[in-house]
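2 protein chains.
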Amino acid sequence: MSGSSQPLRIVIVGGVAGGATAAARARRANAQAEIILLEKGPAVSFANCGLPYHLGGEITERKKLLVATPELFDKRFQVDVRTTSEVIAIDRAARTVTVVNLQTQATYQLHYDRLILATGSEPLRPDFWTSGVRNVFQLWNLNDLDAVLAMMRERQPQTAAVIGAGFIGLEVVEQLHRLGIDVSLIERNPHVLKPLDADMAAPIAEEIKKQGVQLYLNAGVEKMITAGDRAVALQLQDGRRVESDIVIVGIGVRPRVELAHAAGLAIGKQGGVTVNAWMQTSDPLIYAVGDMTELPHGVLESPQRIPLAGSANRGGRIAGTHAATGQAANMGVVLGTSIVRVFNLVAASTGINEQTCQSAGFDYRTAIIQAADHATYYPNAHEMILKILYAPDSGRLLGAQIVGESGVDKRIDILATTLHFRGTIHDLAQLDLAYAPPFGAAKDPVNMIAFVAQNDLAEHPTLLPAAAALAGWQVVDVRTAAETQALPLAGAKHIPIDELSLRWQELDPSQPTVVVCHSGKRAHIGACWLSGHGFAKVRNLTGGMSMRRHALSH
Amino acid sequence: MSGSSQPLRIVIVGGVAGGATAAARARRANAQAEIILLEKGPAVSFANCGLPYHLGGEITERKKLLVATPELFDKRFQVDVRTTSEVIAIDRAARTVTVVNLQTQATYQLHYDRLILATGSEPLRPDFWTSGVRNVFQLWNLNDLDAVLAMMRERQPQTAAVIGAGFIGLEVVEQLHRLGIDVSLIERNPHVLKPLDADMAAPIAEEIKKQGVQLYLNAGVEKMITAGDRAVALQLQDGRRVESDIVIVGIGVRPRVELAHAAGLAIGKQGGVTVNAWMQTSDPLIYAVGDMTELPHGVLESPQRIPLAGSANRGGRIAGTHAATGQAANMGVVLGTSIVRVFNLVAASTGINEQTCQSAGFDYRTAIIQAADHATYYPNAHEMILKILYAPDSGRLLGAQIVGESGVDKRIDILATTLHFRGTIHDLAQLDLAYAPPFGAAKDPVNMIAFVAQNDLAEHPTLLPAAAALAGWQVVDVRTAAETQALPLAGAKHIPIDELSLRWQELDPSQPTVVVCHSGKRAHIGACWLSGHGFAKVRNLTGGMSMRRHALSH
Numbered sequence: 001m002s003g004s005s006q007p008l009r010i011v012i013v014g015g016v017a018g019g020a021t022a023a024a025r026a027r028r029a030n031a032q033a034e035i036i037l038l039e040k041g042p043a044v045s046f047a048n049c050g051l052p053y054h055l056g057g058e059i060t061e062r063k064k065l066l067v068a069t070p071e072l073f074d075k076r077f078q079v080d081v082r083t084t085s086e087v088i089a090i091d092r093a094a095r096t097v098t099v100v101n102l103q104t105q106a107t108y109q110l111h112y113d114r115l116i117l118a119t120g121s122e123p124l125r126p127d128f129w130t131s132g133v134r135n136v137f138q139l140w141n142l143n144d145l146d147a148v149l150a151m152m153r154e155r156q157p158q159t160a161a162v163i164g165a166g167f168i169g170l171e172v173v174e175q176l177h178r179l180g181i182d183v184s185l186i187e188r189n190p191h192v193l194k195p196l197d198a199d200m201a202a203p204i205a206e207e208i209k210k211q212g213v214q215l216y217l218n219a220g221v222e223k224m225i226t227a228g229d230r231a232v233a234l235q236l237q238d239g240r241r242v243e244s245d246i247v248i249v250g251i252g253v254r255p256r257v258e259l260a261h262a263a264g265l266a267i268g269k270q271g272g273v274t275v276n277a278w279m280q281t282s283d284p285l286i287y288a289v290g291d292m293t294e295l296p297h298g299v300l301e302s303p304q305r306i307p308l309a310g311s312a313n314r315g316g317r318i319a320g321t322h323a324a325t326g327q328a329a330n331m332g333v334v335l336g337t338s339i340v341r342v343f344n345l346v347a348a349s350t351g352i353n354e355q356t357c358q359s360a361g362f363d364y365r366t367a368i369i370q371a372a373d374h375a376t377y378y379p380n381a382h383e384m385i386l387k388i389l390y391a392p393d394s395g396r397l398l399g400a401q402i403v404g405e406s407g408v409d410k411r412i413d414i415l416a417t418t419l420h421f422r423g424t425i426h427d428l429a430q431l432d433l434a435y436a437p438p439f440g441a442a443k444d445p446v447n448m449i450a451f452v453a454q455n456d457l458a459e460h461p462t463l464l465p466a467a468a469a470l471a472g473w474q475v476v477d478v479r480t481a482a483e484t485q486a487l488p489l490a491g492a493k494h495i496p497i498d499e500l501s502l503r504w505q506e507l508d509p510s511q512p513t514v515v516v517c518h519s520g521k522r523a524h525i526g527a528c529w530l531s532g533h534g535f536a537k538v539r540n541l542t543g544g545m546s547m548r549r550h551a552l553s554h
Numbered sequence: 001m002s003g004s005s006q007p008l009r010i011v012i013v014g015g016v017a018g019g020a021t022a023a024a025r026a027r028r029a030n031a032q033a034e035i036i037l038l039e040k041g042p043a044v045s046f047a048n049c050g051l052p053y054h055l056g057g058e059i060t061e062r063k064k065l066l067v068a069t070p071e072l073f074d075k076r077f078q079v080d081v082r083t084t085s086e087v088i089a090i091d092r093a094a095r096t097v098t099v100v101n102l103q104t105q106a107t108y109q110l111h112y113d114r115l116i117l118a119t120g121s122e123p124l125r126p127d128f129w130t131s132g133v134r135n136v137f138q139l140w141n142l143n144d145l146d147a148v149l150a151m152m153r154e155r156q157p158q159t160a161a162v163i164g165a166g167f168i169g170l171e172v173v174e175q176l177h178r179l180g181i182d183v184s185l186i187e188r189n190p191h192v193l194k195p196l197d198a199d200m201a202a203p204i205a206e207e208i209k210k211q212g213v214q215l216y217l218n219a220g221v222e223k224m225i226t227a228g229d230r231a232v233a234l235q236l237q238d239g240r241r242v243e244s245d246i247v248i249v250g251i252g253v254r255p256r257v258e259l260a261h262a263a264g265l266a267i268g269k270q271g272g273v274t275v276n277a278w279m280q281t282s283d284p285l286i287y288a289v290g291d292m293t294e295l296p297h298g299v300l301e302s303p304q305r306i307p308l309a310g311s312a313n314r315g316g317r318i319a320g321t322h323a324a325t326g327q328a329a330n331m332g333v334v335l336g337t338s339i340v341r342v343f344n345l346v347a348a349s350t351g352i353n354e355q356t357c358q359s360a361g362f363d364y365r366t367a368i369i370q371a372a373d374h375a376t377y378y379p380n381a382h383e384m385i386l387k388i389l390y391a392p393d394s395g396r397l398l399g400a401q402i403v404g405e406s407g408v409d410k411r412i413d414i415l416a417t418t419l420h421f422r423g424t425i426h427d428l429a430q431l432d433l434a435y436a437p438p439f440g441a442a443k444d445p446v447n448m449i450a451f452v453a454q455n456d457l458a459e460h461p462t463l464l465p466a467a468a469a470l471a472g473w474q475v476v477d478v479r480t481a482a483e484t485q486a487l488p489l490a491g492a493k494h495i496p497i498d499e500l501s502l503r504w505q506e507l508d509p510s511q512p513t514v515v516v517c518h519s520g521k522r523a524h525i526g527a528c529w530l531s532g533h534g535f536a537k538v539r540n541l542t543g544g545m546s547m548r549r550h551a552l553s554h
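If you read the protein sequences in the order shown, they are chains R and Y. Mapping the first sequence onto my numbering, position 110 (from 1) lands on 110, and the numbers just tick up by one. Mapping the second sequence onto my numbering, position 45 (from 1) lands on 45, and the numbers just tick up by one.
Check the hints yourself; a few may be wrong.
For chains that are exact copies, the list does not tell them apart, and a pair is met inside one copy or across any two.
Said to hold, decoys possible - Below, simulated BS3-like cross-link-like pairs (lysine-lysine); rule was C-alpha separation at most 30 Å, straight line:
{"id": "1", "residue 1": "K40", "residue 2": "K521"}
{"id": "2", "residue 1": "K75", "residue 2": "K537"}
{"id": "3", "residue 1": "K521", "residue 2": "K63"}
{"id": "4", "residue 1": "K75", "residue 2": "K521"}
Worth flagging that the hints you see were computed from the coordinates, not collected in a lab.
Could you build the full structure based on these sequences and the hints that come with them?
Now the structure itself:
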């Protein structure tokens with residue numbers, strides 16, 4: 001090679017959680033560097049987000065999950081990939097790592113000029129899990145997947161229990177159900193999908209139950225009931241018993257920071273490694289990327305540990321570039337944008353939810369709408385439920401959640417992009433989005449919810465949360481008679497919206513008044529009418545009866 | 001009603017192009033106002049974007065197009081809707097309009113306190129169109145639709161010619177083809193879909209031809225050949241003759257500003273009415289919305305006339321609010337974001353294209369990638385082609401175009417949102433978007449193209465436009481042998497990417513060198529390698545051979 005000095009040596013620890021990306025990127029940024037990738041597992045990297053889908057057979061071939069082959073890294077990127085190689089120590093003074101070859105158990109020291117840690121995270125293991133039980137699994141890597149598949153081939157399970165209703169849990173539920181297995185889902189929290197607020201999680205829970213899955217909420221597992229080396233059932237803390245031929249646990253992850261911690265690298269408040277905008281740890285020669293790090297949150301502003309693939313990849317790219325050249329683009333912020341398909345529904349969120357607003361002390365307001373994914377006059381339009389959280393003073397968007405059949409991914413990404421720019425509901429109202437009948441509407445759902453929030457902040461009229469107590473309010477139900485019959489609202493005065501201009505005198509303008517319809521749209525029209533006719537205090541129940549039903553369902 | 005003074009009277013001229021929205025919004029903003037909507041046509045408003053889809057039967061019921069009924073406006077909004085009522089003059093001093101009842105021909109004066117003009121636009125009529133021909137149509141309103149449908153029922157056309165390959169033209173082509181009609185598409189310009197650059201329009205043209213549609217580009221119509229009261233063929237300027245039982249013309253629109261112009265309202269450089277951020281014309285008591293206006297463009301900064309439904313709706317909302325209350329949110333900017341489905345492909349664009357950059361004197365660079373709509377290891381991933389334009393100094397995004405099978409609408413809206421915030425390619429690289437295998441990838445196509453553009457601006461390496469002349473360059477083709485055979489690149493030195501690290505010495509490092517592959521991805525890796533090994537000047541052909549083929553196809 002050209003140049004007489006030693007080439008820069010970049011050592012990367014871990015392939016899957018941003019490490020492989022870092023390696024490939026480092027090569028492109030520096031053609032001369034020596035790049036060594038040390039991976040504990042058997043594969044340089046694999047598509048961990050695809051594991052549940054191979055389990056259920058939607059991804060038919062296992063090899064599709066092996067997205068980055070050693071051959072590619074060797075021939076195309078000239079990266080020295082060493083699999084089944086575990087790093088057990090970092091000597092920062094000597095700039096070496098201690099590597100164990102897991103095949104031979106041989107140990108050696110490896111010098112580095114730059115070190116990139118991508119050790120990721122590992123699944124939490126619940127207390128009740130006793131060792132030696134053969135049919136209880138996590139689904140975190142290829143070994144786990146192979147073990148589950150082997151067990152399923154061997155025993156043909158008829159029943160399964162999934163513990164944890166997060167992303168992986170819900171994907172596993174869907175895929176096991178797809179195989180015809182009778183599935184129970186057990187969740188410790190009062191609702192599924194922690195990133196969502198309870199009201200937005202309720203339709204997902206309904207969908208899960210509709211598909212025939214047994215859903216246990218507020219349900220802690222007391223113990224496993226075993227027969228020999230197998231679990232046969234789970235006993236819940238409330239005494240109920242859930243039979244299962246196979247158990248899959250997905251109750252969260254913890255960052256793998258032992259190596260970083262032992263080396264004295266700074267660890268943040270949430271237990272992840274502290275990094276700067278170029279993914280450098282407190283030792284500027286050592287980088288960290290992916291699940292093991294804390295990254296600045298675009299709404300909370302503080303570092304947060306959010307284990308998602310997108311930020312791991314972007315971080316890997318930046319760390320690889322910076323390690324190889326000493327400069328790189330800025331990492332930017334994370335927003336926790338995430339999405340999951342749950343049977344016929346899709347749930348997505350970005351930014352922060354009500355619980356986080358409350359615990360972080362953010363003043364916030366909420367708006368909820370139902371809107372079709374495309375023009376309703378064009379076939380196959382599907383309603384989605386949108387919820388946004390925004391600051392009452394500035395109108396700044398704080399977070400968004402969506403549940404629906406289609407078009408959810410598009411809207412959450414528009415909202416995530418708006419969060420990136422620290423945009424407001426007034427920005428959302430102005431967005432010039434693409435419209436043709438198969439794809440959207442002249443007023444996109446994102447525009448629509450912004451209009452609702454603008455009305456709220458302009459007190460025209462102010463919104464009332466979907467779950468608000470209605471005692472002390474004059475409640476006006478402007479739905480049709482048929483709607484009111486199907487889902488009654490006790491104590492309400494019923495005046496259909498199209499009769500309100502003739503019958504509003506039946507109401508008492510001096511009473512605080514809340515107007516209610518199915519989704520909040522007609523109620524807005526009614527509330528405007530009453531406000532304009534001398535009613536002192538008028539509110540619109542956001543999301544209407546359909547959302548109130550969800551909000552009060554737990 | 002309460003209050004002793006006369007209520008504010010808001011008169012709205014035109015329903016479809018933002019007027020109906022303005023009326024409904026004005027009522028919600030002001031419960032006391034008197035609101036009169038004057039509409040020349042028979043319906044208060046209708047879904048004009050849906051017309052082609054009813055023609056082809058995708059929207060089965062005509063009544064679905066009647067989204068805003070007079071009953072709704074009467075009972076729910078207390079708007080006095082007067083259809084078949086044409087306004088022929090405005091007297092600004094007297095604050096009156098002259099209305100003709102088209103049923104009775106009676107004329108009357110109507111006082112206004114605030115006037116909202118929503119007269120829209122009308123389709124251009126080509127020179128060759130002689131009057132009295134019964135089977136030549138435009139498709140602009142319900143009367144047009146009914147006339148075309150009547151003709152199709154009566155004559156069962158076997159052949160059709162569509163003139164103009166814009167949005168409506170392409171939608172009509174698709175829908176007529178759906179009915180089994182042999183369709184010819186005639187376009188005066190060298191490529192279809194003017195908002196796209198030629199290279200991005202080429203795949204759409206290919207798709208049209210693949211479906212069996214006869215496509216005539218660079219083709220002006222010289223004259224109609226008639227038999228009695230029917231056109232039987234079109235003669236093109238180059239002498240070719242296109243047989244057709246029915247002709248549908250969609251060659252663009254012009255703003256209907258005669259009324260505004262006669263009243264002395266300011267008209268902009270592009271022929272639309274000048275308005276401020278609240279849609280007020282040069283007379284603050286008169287508002288204008290929709291196709292008839294010019295609105296500030298988010299990239300060009302100057303007022304532009306962009307006749308699209310989204311901005312008409314948003315403008316109607318703002319005009320209605322401001323007319324009713326004296327205050328409203330700001331209209332913001334338009335970006336010309338648009339989308340159209342053409343058989344199995346979708347084409348979309350936002351911001352400005354190369355031609356506009358050139359005519360506006362914007363310095364710009366382009367990047368093109370191919371990327372899958374979701375993780376390729378998950379079933380049914382489809383490649384899309386993305387192109388972005390950005391400023392070389394700041395990296396500011398100037399425009400984007402996408403062609404693909406699915407996921408196009410999502411990415412164009414993310415890019416439009418970025419344009420709204422005047423974002424850069426560095427913002428795009430940081431976007432934290434939603435990823436799960438059915439919906440996206442850990443690096444979304446939007447992130448990916450930003451990485452490519454960042455490399456370009458960092459000269460790592462610089463991109464060469466897809467259609468660049470390659471004479472004088474050392475061209476290195478890093479595709480596989482099979483790819484090179486299928487689509488040869490004359491004069492290139494062929495070294496497959498995975499052999500480049502062994503064979504790069506076969507090349508001359510002193511020569512300016514361009515690396516080429518299928519899409520530009522492997523070429524980037526190769527170009528980085530050569531740059532890092534002493535090659536003086538290295539470029540990557542953006543979009544690779546697949547895009548070069550399109551770029552040179554016309």
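- Message: My question is about K521 and K63: at a cut-off of 30 Å on alpha-carbon distance, are they close within one copy, between copies, both, or neither?
- Response: Close across copies (22 Å), not inside one copy (50 Å); limit 30 Å.
- Within a copy, between copies, both or neither: where do K40 and K521 come within 30 Å Cα-Cα? Only across copies: K40 and K521 sit 29 Å apart there, 56 Å inside one copy, limit 30 Å.
- Check K75 against K537 for me: Cα-Cα at most 30 Å, and say if that holds within a copy, between copies, both or neither. between (72 Å within a copy, 24 Å between copies)
- Message: One pair to classify: K75 and K521, alpha carbons no more than 30 Å apart. Within, between, both, or neither?
- Response: Intra 60 Å, inter 15 Å, cutoff 30 Å: inter-copy only.
The structure meets every hint from the earlier list without exception.
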